[in-house]
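So the protein sequences, as listed, match chains P and S. The numbering of the first sequence is UniProt numbering, which starts it at 1 and goes up by one. The numbering of the second sequence is UniProt numbering, which starts it at 1 and goes up by one.
Heads up, some of the hints might be wrong.
[Stated by the list, open to error] Once the Cα atoms are required to be at most 35 angstroms apart in a straight line, the calculated DSBU-like pairs of lysine-lysine come out as:
hint: 1; chain 1: P; residue 1: Lys148; chain 2: P; residue 2: Lys16
hint: 2; chain 1: P; residue 1: Lys242; chain 2: S; residue 2: Lys174
hint: 3; chain 1: S; residue 1: Lys174; chain 2: P; residue 2: Lys42
hint: 4; chain 1: P; residue 1: Lys266; chain 2: P; residue 2: Lys242
hint: 5; chain 1: S; residue 1: Lys377; chain 2: S; residue 2: Lys331
hint: 6; chain 1: S; residue 1: Lys47; chain 2: S; residue 2: Lys113
[Unchecked claim] One-sided excerpt, in silico: chain S residues whose CB lies under 8 angstroms from chain P:
hint: 7; residue: Phe188
hint: 8; residue: Ala193
hint: 9; residue: Gly291
Keep in mind the hints are simulated off the structure, nothing from the lab. Remember, predicted model here, so these are calculated numbers, not experimental data. Glycine is no exception: its CB is placed at the ideal position from the N, C-alpha and C atoms.
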Amino acid sequence: MSGNINLLSDTLAAAKAEDRAALIAYLPAGFPTVDGGIEAIKAAFDGGADVVEVGLPHSDPVLDGPVIQTADDIALRGGVRIADVMRTVREAHAATGKPVLVMTYWNPIDRYGVERFTAELAEAGGAGCILPDLPVQEAALWREHAQKHGLATVFVVAPSSRDARLAEITAAGSGFVYAASLMGVTGTRESVGAQAEDLVTRTRATRSDLPVCVGLGVSDAAQAAEVAAFADGVIVGSAFVKRMLDAPDDASGVDAVRALAADLAKGVRRGA
Amino acid sequence: MPSNNYFFPDPEGQVPTTGGYFGAFGGKFIPEALVAAVDEVAVEYDKAKADPEFARELNDLMVDYTGRPSSLTEVPRFAAEAGGARVFLKREDLNHTGSHKINNVLGQALLTKRMGKTRVIAETGAGQHGVATATACALFGLDCTIYMGEIDTERQALNVARMRMLGAEVVAVKSGSRTLKDAINEAFRDWVANVDHTHYLFGTVAGPHPFPAMVRDFHRVIGVEARRQILERAGRLPDAAIACVGGGSNAIGLFHAFIPDADVRLIGCEPAGHGIDTGEHAATLTAGEPGILHGSRSYVLQDDEGQITEPYSISAGLDYPGIGPEHSYLKDSGRGEYRAVTDDAAMQALRLLSRTEGIIPAIESAHALAGALEVGKELGPDGLIVVNLSGRGDKDMDTAARYFGLYDTDAEVAADEAHTAEIEGDAK
Numbered sequence: 001m002s003g004n005i006n007l008l009s010d011t012l013a014a015a016k017a018e019d020r021a022a023l024i025a026y027l028p029a030g031f032p033t034v035d036g037g038i039e040a041i042k043a044a045f046d047g048g049a050d051v052v053e054v055g056l057p058h059s060d061p062v063l064d065g066p067v068i069q070t071a072d073d074i075a076l077r078g079g080v081r082i083a084d085v086m087r088t089v090r091e092a093h094a095a096t097g098k099p100v101l102v103m104t105y106w107n108p109i110d111r112y113g114v115e116r117f118t119a120e121l122a123e124a125g126g127a128g129c130i131l132p133d134l135p136v137q138e139a140a141l142w143r144e145h146a147q148k149h150g151l152a153t154v155f156v157v158a159p160s161s162r163d164a165r166l167a168e169i170t171a172a173g174s175g176f177v178y179a180a181s182l183m184g185v186t187g188t189r190e191s192v193g194a195q196a197e198d199l200v201t202r203t204r205a206t207r208s209d210l211p212v213c214v215g216l217g218v219s220d221a222a223q224a225a226e227v228a229a230f231a232d233g234v235i236v237g238s239a240f241v242k243r244m245l246d247a248p249d250d251a252s253g254v255d256a257v258r259a260l261a262a263d264l265a266k267g268v269r270r271g272a
Numbered sequence: 001m002p003s004n005n006y007f008f009p010d011p012e013g014q015v016p017t018t019g020g021y022f023g024a025f026g027g028k029f030i031p032e033a034l035v036a037a038v039d040e041v042a043v044e045y046d047k048a049k050a051d052p053e054f055a056r057e058l059n060d061l062m063v064d065y066t067g068r069p070s071s072l073t074e075v076p077r078f079a080a081e082a083g084g085a086r087v088f089l090k091r092e093d094l095n096h097t098g099s100h101k102i103n104n105v106l107g108q109a110l111l112t113k114r115m116g117k118t119r120v121i122a123e124t125g126a127g128q129h130g131v132a133t134a135t136a137c138a139l140f141g142l143d144c145t146i147y148m149g150e151i152d153t154e155r156q157a158l159n160v161a162r163m164r165m166l167g168a169e170v171v172a173v174k175s176g177s178r179t180l181k182d183a184i185n186e187a188f189r190d191w192v193a194n195v196d197h198t199h200y201l202f203g204t205v206a207g208p209h210p211f212p213a214m215v216r217d218f219h220r221v222i223g224v225e226a227r228r229q230i231l232e233r234a235g236r237l238p239d240a241a242i243a244c245v246g247g248g249s250n251a252i253g254l255f256h257a258f259i260p261d262a263d264v265r266l267i268g269c270e271p272a273g274h275g276i277d278t279g280e281h282a283a284t285l286t287a288g289e290p291g292i293l294h295g296s297r298s299y300v301l302q303d304d305e306g307q308i309t310e311p312y313s314i315s316a317g318l319d320y321p322g323i324g325p326e327h328s329y330l331k332d333s334g335r336g337e338y339r340a341v342t343d344d345a346a347m348q349a350l351r352l353l354s355r356t357e358g359i360i361p362a363i364e365s366a367h368a369l370a371g372a373l374e375v376g377k378e379l380g381p382d383g384l385i386v387v388n389l390s391g392r393g394d395k396d397m398d399t400a401a402r403y404f405g406l407y408d409t410d411a412e413v414a415a416d417e418a419h420t421a422e423i424e425g426d427a428k
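Just need the whole structure built from these sequences, with the hints factored in.
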């Protein structure tokens, strides 16, 4: 069974056809529980997210700030396993028909076995992976298996990426390009980095037809609108997780996710 | 996979590859935001290596500031307990700041200046790398932030005070296992956000390329000196060169110059903590599997789904679930041997050296001494061993005093008495 890379591309193209940016939400699997995490993802789609990235929690999340570290920690202490992440992808996709990606670090996949992981993710209906500590030079094995199973390989670009490197990355990637809005780890910020628009422009100048979606630091509708004015997609993670951490109980956490997604969905439609 | 080219004819020219691989190990598994900075380090390091002025500056510092060459001390009263083999200690504990760490720090501090960066960050476990880094930053006028696991700030409180005295900011890291691994995670997070003016002065032979090779090169002087000194003193090469391994910097520093000497066994001593069987250890090469941690592929302690497991050692400097990729390469190629030494064996060796030779070693280095006691018995009276005494034990006196019950009165020590009673059997 082939993965849903085409569904991902079609979804991003459809947003573009509506002359708006896509809304991409990040939520960790197993947080606060496996079933609770699945409900939160469905709520994000229900509120208006076009794509969801499911976090596969890792013990050493070097690119994540305190909010996602806390959620990962709760998920790992709850005993989340890769099988649970696959179930999360399967149920979230089956319930909504929308594209679902996995975002994680390279060691869990390396250890699990890249063929086994990509085959299972495709079978679960996954659309691809974002692996922020697997730079393009180390990614040959992953790309071979991802391609074989119809999964997107979403690479990250950063404000520090030079133009020649951007060209290498867009040539190797698929699905979309994840443009980090600023130099830093995940987390909500008062403002989105001024470097983001420049990075999007430079990434597009590589003449790649991949959509360029911007993440890191976006937390509210106004910021989403600001980013949507120059990017093909807006990625929001920590703001969702923070709402869930702050909620008095799991049910109101899910409601808060739905409400934030609805708010951000308006934002990405204002940006055009 | 390993080829003989690594050992002959040019040990410095063959590994790592340009991509930073030592056989199957190494590489550069880093976020895109750090790629430009890590590449800059590699380029600047290559330029510095080719620049005679850099070599001259570094050599002057090693002689005038660090106090190199460090002594090679024969320890016959200690060796009497090691099957009668001759044992020599390479005295890195006598370097300025009290450990081998200063070798690498001075090299990278000079490089920081060359790159025009004004701020340095570093991780530290036992505090020795942090102290050395804070020292170099004071010397060169660089801003300095040191990340240290909260547990380690408690058990190595003396070194925290030393770093602050030197003007460094010390950040106690409260995430994860609150030890060295988490300090490194936090330092990487800082680096991603501040990379334009900050150099991450990585403290061991792990991390992304070029750190494993660069840090090794700066420590290589240990083995180069030891090899010359033992030839002068004993008239032959040793049967074994022994060092403790956490990340592996002092060990690779001792080993590297001996790699072409096929008859010299290279023996690394890993922390077995409470025993490998208990699961409470940090013996990465003995009990780990290949994986990716902190930017390179090497052996790591992990579960079946790639989550890094929490290590344990009485020694803060060895309490790490990873290991430098070149050690993984030496292990798999058979050139290096790695054995595990328990907390108790290390502490007994610490006391033995203190009481037979008047040298109090760091708990890290005591693991190598315990290994030497074993290897000496295996070799017998004709044996000749060089041990890297990588650091001095001042920082560990609180841990040792509690372990051996050396305080006169202390409520906390009273709680440890039951344990102390168990190890009352005197080492000497």
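Tested hints:
1. Distance check on the hinted pair: Lys148 of chain P and Lys16 of chain P sit about 27 angstroms apart at the alpha-carbon level, within 35 angstroms; holds.
2. About 19 angstroms separates the Cα atoms of Lys242 of chain P and Lys174 of chain S, which keeps this hinted pair within 35 angstroms; it holds.
3. The hinted pair formed by Lys174 of chain S and Lys42 of chain P meets the criterion: a straight-line CA distance of about 33 angstroms does not exceed 35 angstroms.
4. A distance of roughly 20 angstroms separates the Cα atoms of Lys266 of chain P and Lys242 of chain P; the hinted pair therefore holds under the 35 angstroms criterion.
5. For the given pair, Lys377 of chain S sits about 23 angstroms from Lys331 of chain S by alpha-carbon distance, which is consistent with the 35 angstroms threshold.
6. Straight-line distance between C-alpha atoms of Lys47 of chain S and Lys113 of chain S comes to about 13 angstroms, which keeps the hinted pair within the 35 angstroms bound.
7. Because the smallest distance between the Cβ of Phe188 of chain S and any Cβ of chain P comes to about 5 angstroms, under 8 angstroms, the interface hint for this residue holds.
8. The beta carbon of Ala193 of chain S comes within 4 angstroms of a beta carbon in chain P, closer than 8 angstroms, and the hint placing it at the interface holds.
9. The beta carbon of Gly291 of chain S comes within 5 angstroms of a beta carbon in chain P, closer than 8 angstroms, and the hint placing it at the interface holds.
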